[in-house]
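Protein chains in written order, with numbering that gives the first Met the number 0: chain U, 0 to 294; chain F, 0 to 294; chain R, 0 to 294; chain W, 0 to 294.
Worth flagging that the hints you see were computed from the coordinates, not collected in a lab.
Bear in mind that the values here come from a model prediction, so they are computed numbers and not experimental data.
Even for Gly, the Cβ is constructed at its ideal location relative to N, Cα and C.
Watch out, some of these pointers could steer you wrong.
[As the list claims (entries may be wrong)] Cβ-Cβ distance ranges computed for the label pairs, FRET-style:
hint	chain 1	residue 1	chain 2	residue 2	range
1	U	GLN228	R	THR11	53 to 63 Å
2	F	LYS132	U	ASP69	43 to 53 Å
3	F	GLY293	U	ASP160	26 to 36 Å
4	W	GLY157	F	GLY233	52 to 62 Å
[What the hints assert, rightly or not] Computed from the model, here is a short list of chain F residues facing chain W with C-beta under 10 Å:
hint	residue
5	LYS2
6	LYS22
7	GLY24
8	SER66
9	PHE247
10	SER250
Number of protein chains: 4
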Amino acid sequence: MEKKIGFIGLGTIGIHMAQNLIKSGYHLQVYNRTLSKADELDPAYVTKCQTPANAAEGVHIVITILSDDDVLKEITLGNQGIMEKLPEHALHISMSTVSPETSEHLTLLHEEAGSHYLAAPLFGRAEAAEARKLWICVSGDQHAKDTAKPVLDCLGQGVIDFGESAGGANVVKIAGNFMIMASMEMMAEAYTLAEKNGLDRAQVASFFGSTLFNVPIFQNYGRAIANKQYEPVGFKSKLGYKDARLAFKLSQTSQTPMPLVNALHSRLLSAVAKGWGEADWIEAIGRGVSEDAGV
Amino acid sequence: MEKKIGFIGLGTIGIHMAQNLIKSGYHLQVYNRTLSKADELDPAYVTKCQTPANAAEGVHIVITILSDDDVLKEITLGNQGIMEKLPEHALHISMSTVSPETSEHLTLLHEEAGSHYLAAPLFGRAEAAEARKLWICVSGDQHAKDTAKPVLDCLGQGVIDFGESAGGANVVKIAGNFMIMASMEMMAEAYTLAEKNGLDRAQVASFFGSTLFNVPIFQNYGRAIANKQYEPVGFKSKLGYKDARLAFKLSQTSQTPMPLVNALHSRLLSAVAKGWGEADWIEAIGRGVSEDAGV
Amino acid sequence: MEKKIGFIGLGTIGIHMAQNLIKSGYHLQVYNRTLSKADELDPAYVTKCQTPANAAEGVHIVITILSDDDVLKEITLGNQGIMEKLPEHALHISMSTVSPETSEHLTLLHEEAGSHYLAAPLFGRAEAAEARKLWICVSGDQHAKDTAKPVLDCLGQGVIDFGESAGGANVVKIAGNFMIMASMEMMAEAYTLAEKNGLDRAQVASFFGSTLFNVPIFQNYGRAIANKQYEPVGFKSKLGYKDARLAFKLSQTSQTPMPLVNALHSRLLSAVAKGWGEADWIEAIGRGVSEDAGV
Amino acid sequence: MEKKIGFIGLGTIGIHMAQNLIKSGYHLQVYNRTLSKADELDPAYVTKCQTPANAAEGVHIVITILSDDDVLKEITLGNQGIMEKLPEHALHISMSTVSPETSEHLTLLHEEAGSHYLAAPLFGRAEAAEARKLWICVSGDQHAKDTAKPVLDCLGQGVIDFGESAGGANVVKIAGNFMIMASMEMMAEAYTLAEKNGLDRAQVASFFGSTLFNVPIFQNYGRAIANKQYEPVGFKSKLGYKDARLAFKLSQTSQTPMPLVNALHSRLLSAVAKGWGEADWIEAIGRGVSEDAGV
């Protein structure tokens with residue numbers, strides 16, 4: 000039946016996406032490393048699977064939302080992976096933050112196998128995922144994009160098409176995460192400068208967040224940075240570091256010197272080296288700036 | 000009479016401020032290095048003055064909006080400067096982007112002379128000045144802030160009070176200009192990365208400007224950066240470099256290491272070294288990133 | 000017979016090493032991508048081979064001196080590669096500048112095949128290679144180091160043992176190349192600073208090279224940098240960039256933030272992006288600093 | 000009498016210089032903030048003075064060796080300063096590490112007063128000062144250089160002439176101190192990289208110090224950095240930071256972007272911000288790199 004799809008990855012974002020797909024009437028064949036996570040979903044619409052291959056069996060679409068390139072490749076190509084059971088002509092919608100190289104590589108392998116791959120990374124934290132407010136970037140084959148559209152429309156407030164290249168959407172996602180990190184760093188520097196000059200960090204953050212920079216990224220991250228409010232952990236520093244590495248690597252492969260990417264990469268590398276990998280990336284950046292300044 | 004004030008500095012921003020003060024019923028004693036600039040103002044409400052001292056003579060308020068610390072000090076303390084004629088108890092509202100040290104220094108000198116000084120730097124480009132949409136930051140003596148309030152309300156959409164310190168408002172202004180520059184640099188890097196990976200700079204800029212970063216700074220500067228549209232010149236690189244120096248100096252005096260300030264300072268220093276000082280700071284940053292990447 | 004060894008890689012350094020081995024009485028089975036390069040060697044002591052496998056056939060030692068990790072892996076593991084014919088118990092002495100990961104990987108593969116691998120990277124340019132003045136770093140299995148010793152003694156003025164780890168010597172080599180690059184960058188910056196302050200670059204370079212920094216690296220590179228003498232090309236920028244990437248990658252994998260490595264990586268990445276990949280790395284650095292300064 | 004000269008500044012270097020001048024037969028009119036320091040000198044050849052003016056009274060040469068620009072200006076121009084008593088035609092030999100601007104400024108003021116100023120900064124730590132092994136850089140008026148020569152020859156192993164400009168020698172000194180700091184930073188990064196890859200820091204330092212970088216700067220600082228031996232304090236971080244500021248300022252005024260200067264400036268600024276200002280600059284750099292790497 001048409002409305003059955005595979006769904007792999009019940010992380011912070013994935014779980015809300017799965018719920019929204021169920022609300023839209025889809026039945027999900029779910030795989031997750033910790034499968035008990037699927038108990039949060041309505042069992043009437045869920046088939047729990049022991050392997051990625053089982054999740055991909057008999058569906059025309061399988062969605063993956065995973066932590067990094069290596070996990071995506073293992074889930075797709077490894078033993079009991081998606082490719083072992085994905086039907087011919089079926090589509091793999093890959094929503095993880097991965098390098099464009101990985102998308103190019105998987106696109107080729109899917110083509111060889113008679114199936115399809117579509118890069119569809121997204122912007123938004125858990126609350127946005129829950130509220131169907133994600134922004135989803137896609138690029139690749141037109142037919143794949145057409146097939147994916149109705150499914151993606153259930154997940155976000157917009158699907159933006161960045162052309163025919165297999166990895167273009169991944170480039171946009173990596174660029175965007177860099178811009179978010181750079182926004183956090185600039186606020187941490189500015190508010191620490193204000194603090195060391197006798198001003199109230201929170202007032203300065205509030206001013207910028209309600210005037211020149213009145214968007215949620217500056218408002219929400221800005222409040223956390225100003226108040227040195229580093230918990231609960233929303234997005235781990237080690238994942239932020241992974242994103243910084245992706246941006247750095249892309250700057251290498253495309254020969255684009257990017258001084259701010261360098262600075263952010265150093266910031267997050269140092270955070271991980273200091274043992275803050277499990278802390279929120281707001282802490283990696285905010286505390287990093289503060290400690291360098293001796294406060 | 001109450002409604003007569005001194006006004007010094009008819010630059011890109013100053014000219015609109017003067018017009019708005021006139022619209023609000025003020026009569027201005029105007030001084031400008033190029034005094035013919037005052038011909039753009041309604042002569043019924045303007046007295047042209049040959050020196051800063053004359054502009055300050057007999058008023059209870061004199062406003063300065065000048066290019067840098069040195070000019071402000073010269074206009075205030077130099078031969079035929081404000082201090083020679085400013086009446087006792089009168090208030091000097093200083094709206095230029097200058098260092099907090101300069102504000103502290105001038106506050107002391109005004110106090111010694113029996114007059115007052117108020118730092119009141121602003122955010123906004125020429126269009127915002129024209130539309131009374133500036134954001135004005137103030138800090139210092141409460142009485143000075145109270146006296147300035149009705150005048151400043153004629154110029155912007157908000158006056159924000161950053162406390163009692165003489166230079167606090169200048170710190171906020173410097174921090175804000177750094178954040179604007181950092182926003183430009185991050186966009187230039189991100190959009191060049193996109194370009195070198197085969198994407199359309201303008202589409203990427205449009206996406207970010209209408210989603211995660213939907214504020215004018217990212218929209219307007221973003222469009223110019225994406226399109227490599229560097230003219231007409233709105234804000235000169237040499238002034239941007241001055242602002243980067245102010246931020247750098249503040250990071251030194253307050254012992255706040257700021258990696259992004261370093262990066263921006265280098266970017267603008269290099270622009271000036273290459274002879275682009277008269278070009279718009281969008282060009283300094285955008286073209287700088289492009290040239291480093293060989294495009 | 001004992002004195003026959005395989006030799007792969009007749010580049011700028013390799014050709015002199017081969018000549019010195021011949022002078023020491025070795026007979027070489029030579030492979031090089033451009034095999035005609037072997038015509039420079041005494042034919043009485045050379046067997047030209049059409050493949051790496053042939054060069055490794057029947058010898059107890061094969062030496063490789065190649066441009067990067069990928070070439071080394073292809074020559075060793077590829078079709079007609081060393082592993083196809085290298086005898087059991089034979090030793091592969093790997094003198095290229097490669098990552099420690101590559102050495103660890105090849106060590107394992109050699110062990111599985113019953114042969115041995117030794118990392119033995121070197122310091123010194125062509126003249127040092129010719130004069131048997133190279134410094135050779137080794138690390139790995141003790142037996143392998145003992146076997147290699149008499150051969151390596153024919154090539155340099157010292158063999159330094161950095162312990163048992165497969166890749167330790169590569170780490171030292173990568174660290175050393177970073178230090179050389181950083182020395183060049185610091186001179187380029189210092190001498191350009193001198194120039195822009197009205198001093199004679201060459202005199203300043205001569206002063207430092209004969210006092211505080213009186214070692215060949217500072218003297219020879221210093222003279223070239225001071226005189227902007229970028230030809231003939233000794234070591235290509237694209238190879239320098241490769242070394243910067245190795246250093247950067249090592250800083251990532253070992254979680255060691257290294258600001259100067261960042262700066263050098265950016266410098267060489269930008270040089271390659273600007274199309275200077277075939278120019279000497281002295282030019283990449285020297286001209287890079289000059290252009291940023293507008294001279 | 001010819002052999003009487005003024006001498007101001009009995010710091011770590013100054014005290015040895017004073018001793019060597021006495022050994023060469025000079026009688027010194029000494030001023031030091033802590034005058035008891037002069038008790039270390041042979042009283043037969045010393046006149047203790049209560050003010051800089053007294054030290055300069057009646058001599059044809061006065062030497063200053065002080066901590067920074069501000070102290071030099073105060074000692075020279077302040078109340079009871081040198082200028083109050085220095086005879087006409089006398090020469091002020093300024094051996095402190097100061098900006099070229101200060102030398103230009105003092106040269107003009109001396110000229111107006113009918114006396115002379117010569118920038119003569121030096122390279123070498125206390126042991127070198129004691130052993131008359133300093134390198135002394137001079138620039139300025141030829142007659143001043145001729146007059147100073149016999150005195151300077153008593154203090155070092157070489158006097159190098161960098162031309163006619165008042166501040167040229169200061170530029171060389173600032174460039175050299177930057178090169179020393181950059182050498183320390185590159186070693187700290189390289190040896191920490193080695194450590195985190197399982198190698199012995201000290202062995203790596205010993206290797207580079209006896210081969211490619213066999214000069215005292217790399218050997219002595221290298222040993223201290225490798226062994227994390229940060230005491231006794233030879234040169235304070237806050238003075239190192241002052242030197243980094245001088246280099247940075249010079250890069251600004253001469254429009255020379257210098258990425259390594261940026262990195263060093265940040266390193267030392269952060270050390271001072273963290274409260275390490277009184278620690279040796281080896282600690283500022285060595286410990287800074289280690290802490291960023293979490294070791």
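Here is what the structure says about each hint:
1. U:GLN228 x R:THR11: 53 to 63 Å: holds, 57 Å
2. F:LYS132 x U:ASP69: 43 to 53 Å: holds, 50 Å
3. F:GLY293 x U:ASP160: 26 to 36 Å: Cβ of GLY293 (chain F) to Cβ of ASP160 (chain U): about 29 Å, so the range 26 to 36 Å holds.
4. W:GLY157 x F:GLY233: 52 to 62 Å: holds, 54 Å
5. LYS2: For LYS2 (chain F), the interface hint is violated, since the closest Cβ of chain W sits about 44 Å away, which is over 10 Å.
6. LYS22: violated, 42 Å
7. GLY24: violated, 45 Å
8. SER66: violated, 18 Å
9. PHE247: Cβ of PHE247 (chain F) sits 8 Å from chain W, so the hint holds.
10. SER250: Given a least distance of 7 Å, the restraint on SER250 (chain F) holds.
Of the hints listed earlier, those the structure fails to meet are numbers 5, 6, 7 and 8, in rising order.
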